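A.B. asks: Sequence:
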Amino acid sequence: MTGLMSPAISVVIPTYQRVAVLAHTLARLKAQAFRGFEIIVVSQTPGEPERRQLEQWHQSEIPMRIVWQPEPSASQARNRGLLEARSEIVLFLDDDVTFDETLLSAHTRGHGLPGVTGVAGQVRTSEGVTSKRSPLSRLPSVGWLFFPMNYSKPG
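Note that the working numbering has the sequence shown beginning at 1332, numbered continuously upward.
Worth double-checking, as some hints may not be accurate.
[To be verified] Each pair of labels, with its calculated beta carbon distance range:
1) E1386 with G1446: 40 to 46 Å
2) R1409 with K1361: 31 to 37 Å
3) P1403 with A1354: 18 to 24 Å
4) A1358 with A1405: 21 to 27 Å
5) A1364 with S1337: 17 to 23 Å
6) V1428 with R1366: 16 to 22 Å
Bear in mind the hints are in silico, worked out from the structure with no lab data behind them.
Predicted model, so just to flag it, every value in this text is computed and none were measured.
Backbone N, C-alpha and C fix where the C-beta goes; we use that ideal spot for every residue, glycine too.
Turn these sequences into a full structure, and let the hints steer you where they fit.
C.D. replies: As structure tokens, then:
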């Protein structure tokens, strides 16, 4: 996650007053089998306690960049993270998501498929998947959705 080369994927995590749940998400990212990614946390929480905690993680356990945004707005935080990203592939995560150690490799692999311009995953809860699988899905067993590059087709 260091060096002069651009990362293969930029992970953007907006957060607002949720440093405790963010810690769990950052630990899961640290455990990823895939390497070559950057983490950008866009913090919208005013106050010193969260700032100190994030800076402590930044300096020790988890390599990441922290961007401070004074006004809480999920959309603005994602846009700010996108502007800060050094990779062409950007994965937006909520600060409270749970995933296994294959998330980044599966997401990156999806971008390598012919004709794919975007990749999204489904939200799974203890009750199951939150929405029906899309007909665009090429890996229905894991719920990945791939968006074709239809903007280049004549017509």
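A.B. asks: Has the hinted range 18 to 24 Å been met by the Cβ atoms of P1403 and A1354?
C.D. replies: holds, 20 Å
A.B. asks: Is it true that A1364 and S1337 lie within 17 to 23 Å of each other by Cβ?
C.D. replies: holds, 20 Å
A.B. asks: Between A1358 and A1405, does the C-beta distance stay in 21 to 27 Å?
C.D. replies: About 22 Å separates the Cβ atoms of A1358 and A1405, which means 21 to 27 Å holds.
A.B. asks: Cβ-Cβ distance between E1386 and G1446: within 40 to 46 Å?
C.D. replies: holds, 42 Å
A.B. asks: Could one say that the CB atoms of R1409 and K1361 fall in the range 31 to 37 Å?
C.D. replies: violated, 22 Å
A.B. asks: Is 16 to 22 Å right for how far apart the beta carbons of V1428 and R1366 are?
C.D. replies: holds, 20 Å
In terms of the numbered hints stated before, the structure departs from hint 2 and from no other.
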